[in-house]
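Here the protein sequences come in this chain order: P and G. At position 182 of the first sequence (counting the first as 1) the number is 193 in the numbering used here, and the numbers step up by one without a gap. At position 593 of the second sequence (counting the first as 1) the number is 598 in the numbering used here, and the numbers step up by one without a gap.
These are calculated hints, taken from the structure and not from any lab test. Backbone N, C-alpha and C fix where the C-beta goes; we use that ideal spot for every residue, glycine too. Be aware that one or more of the hints could be misleading.
What the hints assert, rightly or not - Partial pick of chain G residues on the chain P-facing surface, computed with a CB cut under 10 angstroms:
(1) Pro76
(2) Gly84
(3) Leu87
(4) Asp143
(5) Thr708
To be verified - Simulated coverage check for chain G against chain P, where a stretch passes if three residues somewhere in it have a Cβ under 8 angstroms from a Cβ of chain P:
(6) 443-454
(7) 589-598
(8) 636-643
Unchecked claim - DEER-style ranges, computed between Cβ atoms:
(9) P/Met25 to G/Glu649: 41 to 51 angstroms
(10) P/Asn130 to G/Asp533: 41 to 51 angstroms
(11) G/Lys50 to P/Asn130: 38 to 48 angstroms
(12) G/Asp718 to P/Gly159: 32 to 42 angstroms
(13) P/Gln328 to G/Asn172: 25 to 35 angstroms
(14) P/Arg325 to G/Glu649: 23 to 33 angstroms
(15) G/Ala151 to P/Gln328: 26 to 36 angstroms
Here's the letter readout for the chains.
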Amino acid sequence: MSHSDLLMKTEMAMPRTLKQACEVQSNGLHDKNDIPGMPLPVLKAAGIDLMDHWKEGLTAPGQVSNLLALRDPSLHRLSADSIGALCTLSAIADSTAVRKSAPVIAQAAESTATPQIRNVATAGGNLFQRPRCWYYRAHQFDCLKKGGHMCFAVEGENRYHAVFGNGPCHIVHPSNLANALSVCQAEVLVVSSAQGTEEPRRVPMHQLFCLPEDRLKSEHTLGPDEIAVGISYRAAPHSAHYEVREKQSFDWPLVMASVALDMRDDGRTIAAARVCAGGVAPIPWRMPQVERALAGINVKDTQRVRQACDLAIRGAQPMSNNAYKLRILPVAVSRAVRLAVG
Amino acid sequence: MARTSSGIQNQSGDLDVTHDLPTSNRTYNNVTMDDVTSRVDAVAKVTGRAKYGIDQIAGPTPLVAGFARCPWGKAELTGGSLEAAMNIPGVVHAEWTGEDIGRECQYHGQPVAVVVAESVSAMRAGRLALGLTWDRRDCDHDIESAQPEPPALSEEQVEAINNALENADFVVDAVYSTAVQTHSCLESHGATVHHQGERAVVYGSTQSNYGFRDGLGSALGLPVGSIDMHCEYVGGGFGSKLGPGKEGVYAARMSKQFGKPVWLFCDRDEEHLDTGNRPSSRQHYKLGIKTDGTVTGGHILTCGGVGVGGGGGGVCGHRYNFGSVIRKHVDVSFSGGGPKAMRAPGHPQGMFAVELAMDELAAVAGIDPLELRRMHDPSAFRKGMYARGAELIGWSNRKPNGSQAGPIKVGYGMGICDWGNFKVPAQAEVVIHRDGSVEARSGTQDMGQGQRTVMGVVAAHHLGVPLSVVQAKVGSTEYPPGPASGGSMTTTNTEPAMRVAATEAKKQLLARVAEQQQLDADDLAIVDGNVVNGSGKAIANWRQACAMLTGPITAPGSVGRSDPTLRGQGNSEGVQFVKVAVDCETGVVRVLDIVAIHACGIPVCRKTAESQIIGGVIQGISFALFENKLLDRQTGAMVNANFEQYKIAGADDMPRITPIIWVDPDATGTRGLGEPPTIPTSGAIACAVFNAIGAPVRSSPITPDRVLQAVTDAQAPKGGDA
């Protein structure tokens with residue numbers, strides 16, 4: 012960013028309908044030919060992460076499209092199988108429908124940030140917030156995500172960085188909602204001018220995010236003209252979210268685990284398990300080896316449950332200062348399993 | 006996830022905290038101890054009506070000044086252009102703060118240039134337009150990387166150490182360390198200065214209103230008597246706002262240069278980088294103990310991590326009798342911002358090591374840590390607090406170190422403190438107006454401790470009127486010089502001065518009433534706001550009495566450095582007991598309960614005194630578990646210069662805190678309470694964690710990675726003496 016960017020005016024679009032929002036997102040606020048090379052507007056929900064970037068000098072967008080202006084009621088709808096993109100984290104945490112259908116989602120929403128932030132932060136914003144890596148967030152570090160040539164965490168301060176994912180950038184994914192949605196077989200609904208707004212494109216969680224080795228400057232696979240409008244998820248009544256944090260107030264988890272279990276009719280045997288770990292990889296990190304090992308286990312057999320959860324660290328490659336996460340990870344997973352059983 | 010409810014409570018179900026507290030409105034010596042007085046400026050503060058220095062604009066719209074700073078631990082400035090900055094619309098001035106291109110900067114956050122502009126955004130744009138380029142150099146970023154030489158010991162000292170250790174049955178040989186803690190004042194450092202030719206008006210954020218003004222004389226080129234200094238409210242200082250700092254000095258210089266008001270306040274990152282800190286420490290203890298609990302001595306070799314500060318890293322760990330101890334201290338330099346005094350400078354880090362060493366000695370000798378402290382604490386007074394604190398925390402439930410089954414283990418710990426009674430000259434005045442209103446004035450300041458409330462209570466009490474009659478005024482050089490708020494001395498020094506002023510004002514008022522009513526002044530008194538005669542009959546109510554004045558009464562009160570008849574004697578002492586729960590599978594420590602017993606002579610206002618204790622305890626919890634100014638090992642840049650990644654205890658991290666004001670029946674006057682309550686907390690927590698796990702975590706902050714390592718250590722087979 013150059014100094015002139017800071018003095019440049021920022022224009023904000025206030026789209027009322029999804030159609031308008033899509034048009035703004037594909038054409039900008041003006042005719043494309045007016046200002047050649049003008050980047051497309053930055054999407055803004057509550058704007059928490061956008062302002063963090065702005066204040067640190069990491070961005071200074073010429074155009075912002077304020078999705079909070081949208082009047083479409085579906086964006087605020089909450090049900091036993093869907094979440095509008097503009098639902099606040101507080102609304103999700105407080106929703107009886109969500110809590111009954113998939114406790115893991117309500118718990119993840121509730122554990123985020125602070126009450127003040129949860130009252131404004133949206134589901135969509137939470138999914139697409141950028142990573143909190145301190146090298147990425149500080150302007151002077153020209154890291155891979157900012158087009159630089161090295162990840163400063165490798166030889167630097169990496170206590171909060173990834174233990175999975177192979178680099179070359181070692182962020183951890185910041186969204187705990189994404190972690191929970193991942194075990195509820197969720198799909199993100201996406202609209203665009205090309206797609207239209209009537210039949211949103213459905214993107215499963217495992218296709219929504221991408222590893223740094225595939226894409227460095229973004230953490231997701233959506234196109235620049237696409238807008239996430241909602242989430243559909245499947246009921247997971249036996250599910251739970253567990254976080255291990257240094258601070259209990261306003262802190263990012265060292266490790267988190269989301270677990271959803273399908274139980275057999277006997278109520279004791281796990282038919283199928285879905286396990287996702289966070290705070291450990293650049294994307295929500297599904298753990299198929301743990302899922303397979305949990306299937307068929309009697310949940311009262313704590314030793315076998317523990318053995319299955321111990322597989323969570325298989326394939327991990329800790330950095331110089333974060334091997335401690337490998338001790339916490341199986342514990343977080345097994346505690347989430349225990350909570351999910353209820 | 007279910008959240009546990011927690012909060013600050015001082016009257017909690019199963020803890021009888023009122024037992025040792027004086028009853029309501031009981032009078033000790035000359036001040037009232039009451040249960041009802043709330044902060045007189047509480048509503049102003051929580052509604053935003055209170056204007057802090059950063060809110061103040063002196064006169065017309067000010068120019069905005071800001072520093073451009075070095076982004077690395079050590080780097081040479083290889084390029085940059087003042088002219089480019091000045092070409093930005095709205096920028097009026099840019100200058101180097103020292104050498105220009107070629108300058109080698111020594112820490113992240115070191116100012117290299119100052120930019121003055123017509124708006125904040127223009128200043129920031131100008132700062133970027135400087136286009137500074139840097140050649141980054143390798144640097145040391147902490148004590149370890151600086152590899153300090155071990156302190157030189159003479160042959161006699163080595164022999165003394167060896168003798169002490171040889172006389173012992175067990176030896177504890179341990180290295181303790183504490184991280185750099187920043188002051189993290191909510192209101193940042195800075196000032197608005199308006200140089201008006203013959204005089205200047207300054208709004209600063211300071212804990213020394215007069216000291217700040219006096220520090221600006223040469224920058225403004227004015228006699229200090231021509232500077233009007235104002236500081237109505239301060240959003241925290243903790244020792245870092247005793248002088249004008251480079252922020253105040255540059256605001257003053259720029260205002261003088263341009264003849265306009267200049268506003269210069271730091272951003273949050275600048276606060277972490279360059280406005281001081283509590284320096285880190287490394288403390289090597291080697292102490293011997295006999296089976297009977299006698300500590301035979303040894304050595305305590307300490308380092309303070311002072312960055313570029315050059316000094317100020319001393320650690321204060323002199324409290325228990327450790328026998329014949331050789332102590333050596335060195336300050337270690339590296340590429341980091343220098344320290345400033347921070348709430349009991351040197352003490353929390355010193356006592357972190359002292360208390361944990363005490364518990365390690367107790368463990369090897371097989372003695373209860375409370376018992377060992379009883380043997381070695383030289384203060385008989387403090388020992389009175391031991392029994393009460395042990396009872397309230399439930400010390401009898403304490404299990405032997407590391408003896409509990411299950412992942413969640415409960416631990417108990419304790420720590421002690423004391424603090425000197427620092428005396429400085431102080432002045433105050435009481436003004437009684439004809440309409441019955443009263444001003445209690447002092448040029449000291451309120452950085453959050455409740456100074457208006459304290460002064461108002463003292464003046465009201467000695468006048469004999471309700472507090473509602475009195476307007477307490479602080480934070481201006483229009484008022485008589487009051488003390489700096491450092492060393493826990495604001496109340497101890499303003500209280501006697503205000504007492505003298507109020508007593509004199511009352512005397513003058515009664516003299517006037519006596520003259521007007523043709524009575525004998527010696528017969529008159531003021532009770533509940535009424536002037537009464539010797540038989541208790543009301544002569545006049547307060548308004549009527551004041552209406553008899555021909556003009557306002559302005560009564561001065563002054564106290565010198567030593568004045569045994571007016572001043573309290575003796576030190577402030579305290580004991581804290583802590584109960585924690587350690588999750589040995591995740592390494593997470595939760596503090597459950599803290600009982601904080603503190604003596605401060607005669608307390609003036611119970612709520613603000615308890616609030617001081619609670620605040621000190623919270624800062625201690627945060628120091629023990631979370632805070633860490635972390636400099637990148639590769640570049641020396643601080644990686645967590647914000648309030649997201651620099652971790653400070655929040656609401657959900659709070660234990661139940663029980664503040665107890667321990668009233669000494671023989672005490673005279675007031676003693677300081679600002680600093681002592683933050684001294685014992687971190688050490689007590691470290692002891693409690695040791696008790697729970699069975700192995701010590703010798704470094705603060707006590708984070709999950711370190712706890713898990715200690716859990717491993719505790720499970721490892723033991724070897725050697727210990």
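Original post:
Which of the listed hints are not met by the structure?
Top reply: Of the numbered hints given earlier, those the structure breaks are 2, 3, 4, 6, 9, 11 and 13, listed in rising order.
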